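Positions in the sequence shown are counted from 1; adding 422 to them yields this note's numbering.
Keep in mind that the hints were calculated from the coordinates and are not lab data. Keep in mind the model is a prediction, meaning the values are calculated, not measured. Please note that a few of the clues may not be correct.
Stated by the list, open to error - Cβ pair distances, simulated, as ranges:
| id | residue 1 | residue 2 | range |
| --- | --- | --- | --- |
| 1 | D507 | E730 | 38 to 46 Å |
| 2 | G793 | G477 | 25 to 33 Å |
| 3 | G601 | R675 | 49 to 57 Å |
| 4 | S678 | T825 | 14 to 22 Å |
| 5 | R675 | Q653 | 20 to 28 Å |
Unchecked claim - Cut-off 27 Å, straight-line C-alpha distance, at most; resulting in silico cross-link-like pairs (DSS-like, lysine-lysine):
| id | residue 1 | residue 2 |
| --- | --- | --- |
| 6 | K754 | K636 |
| 7 | K754 | K589 |
| 8 | K706 | K754 |
| 9 | K706 | K818 |
| 10 | K706 | K589 |
| 11 | K706 | K636 |
| 12 | K776 | K636 |
| 13 | K754 | K776 |
All C-beta atoms in this analysis are idealised placements derived from N, C-alpha and C, irrespective of residue type, glycine included.
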Amino acid sequence: MHTGLLLARQPILDRTLRLRGYELLARDSSGSFPIEQPGHVTTCQVLVEALGEFGLERVVGALPAYINITAEFLTGEVPLPLPPDRVVLELLETIEVTDEILQGAKRLKREGFTLAIDDFTSMRPRYEELLRLVDIVKIDCLGMRTEQLETLVRSLRPYGVRLLAEKLETPESFRECEGLGFEFFQGYFFARPDMLRGRTQAVDRSSLLRLLSKIQDPDTTPEELEVIIAQDPVLSLKLVRFLNSAQVGLRRRIESLREVVVYLGSDAVRNIACVMLLARVDDKPRELMVTAMLRARMCEELSRSRQEAAPQRAFTVGLFSMLDALVDQELKDVIGPLPLHEEIHAALLHRSGKLGTQLDLVLAYERCDFGRLPPSDPTPGAMREAYLSSLGWVMKMEQELATLA
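All chains, please: the whole structure from these sequences, using the hints.
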């Protein structure tokens, strides 16, 4: 695997908050950030990393991958070894539209590729011709006024393109863009609490939080933990089924909750039970739970690779960092009453201690803010390995949860 490359993905959702694809992003882990090299080199590295080294299927599953391409791919100077039905090709905003570029776009369309224009901000020379060839236009909505967005949307209507709003950070910005006619949405708006919805959701989530509180209480003994979980028959059944699944791979079947607690260990049982409880929140986008599990596993992987004493606490920190979005309340209001270990409290509410610092690094990687990664402890390469390993685990867990459901 290319030791100097960092690879991550960002989800793309539709109006119903259903996952419709991932954008693949890459940076070099050596030297300064961002890397000083031609755009097509970075794109080539993404392709090699995703297809040759790790496998596109393992990075994005069955969904399309959105990948930046530069003029060299359009003109044929650089080959494009990609299956047309698996990718959306984003034409970078730096591309100057020429006859050669238009011919290249037509060739890719004939080959069956879906084309998008990245970071559209205004009509430029010969863009009218290019817009007749592309399928999707991405608009960076961060900091853009409503009037500006309305003007851009109006200018694009004659071309019949589908609109993708990117860098959306709040539920309010999502609703605004949805009202303007955008069809796809990218950004971490879905991972933030929707306080408008929170007023009606607080009561609905109270039983969930009470059960999480009991499960996460560090003073709860294994025997008490068994009793608490047994009070929720659906959760009990899922835990037994999970331990008997291929994901765990035990040599003999487990028949009781007592055996579940013994085999997995109390901390592991607590974390898996919490994942299964949170997965029940069915009025939230599936990607929210995927992101929570990915954070949790990545925090755990990093903690274990650094031989720290509390990988299970690290898992809890990553998982519970999404509680505010899952229950639509401020994190301090959700976490405050939970009887969590003080190290977990400090990490979640103040980003302090080793676990808090580690969570910050995981969030930076998640958002492709690779410039914030330290040169060592952990190295960028270790961050990448933890991320890719966690992706594999999350995909397996998703399949298992879907089967258990």
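**Prompt:** Taking the beta carbons of R675 and Q653, is their distance inside 20 to 28 Å?
**Reply:** With a Cβ separation near 23 Å, R675 and Q653 satisfy 20 to 28 Å, so the hint holds.
**Message:** Within 14 to 22 Å: is that where the Cβ-Cβ distance between S678 and T825 falls?
**Reply:** holds (21 Å)
**Prompt:** If you draw a straight line from the CA of K706 to the CA of K589, is it 27 Å or shorter?
**Reply:** holds (19 Å)
**Prompt:** Holds or violated: 49 to 57 Å for the Cβ distance of G601 and R675?
**Reply:** Given about 53 Å between the Cβ atoms, the range holds.
**Prompt:** Regarding the pair K706 and K818, is the alpha-carbon distance no greater than 27 Å?
**Reply:** holds (20 Å)
**Item:** Proposed proximity, K636 with K754 (alpha carbon, max 27 Å)
**Value:** Given pair K754, K636 holds - Cα atoms ~18 Å apart, limit 27 Å.
**Prompt:** Does the structure keep K754 and K776 at a Cα separation of 27 Å or less?
**Reply:** holds (19 Å)
**Asked** Are the Cα positions of K706 and K754 separated by 27 Å at most?
**Response** Cα-Cα ~20 Å, so holds.
**Item:** Satisfaction of hint between K636 and K706, Cα-Cα up to 27 Å
**Value:** holds (23 Å)
**Request:** For the pair supplied as a hint, K776 and K636, confirm whether the alpha-carbon distance does not exceed 27 Å.
**Result:** holds (25 Å)
**Asked** Honestly, do G793 and G477 meet the 25 to 33 Å range at C-beta?
**Response** Since the Cβ atoms of G793 and G477 sit about 27 Å apart, the hinted range of 25 to 33 Å holds.
**Prompt:** Holds or violated: 38 to 46 Å for the Cβ distance of D507 and E730?
**Reply:** Since D507 and E730 have Cβ atoms about 43 Å apart, the given range 38 to 46 Å holds.
Figure legend: structure checked against the earlier numbered hints; every hint is met.
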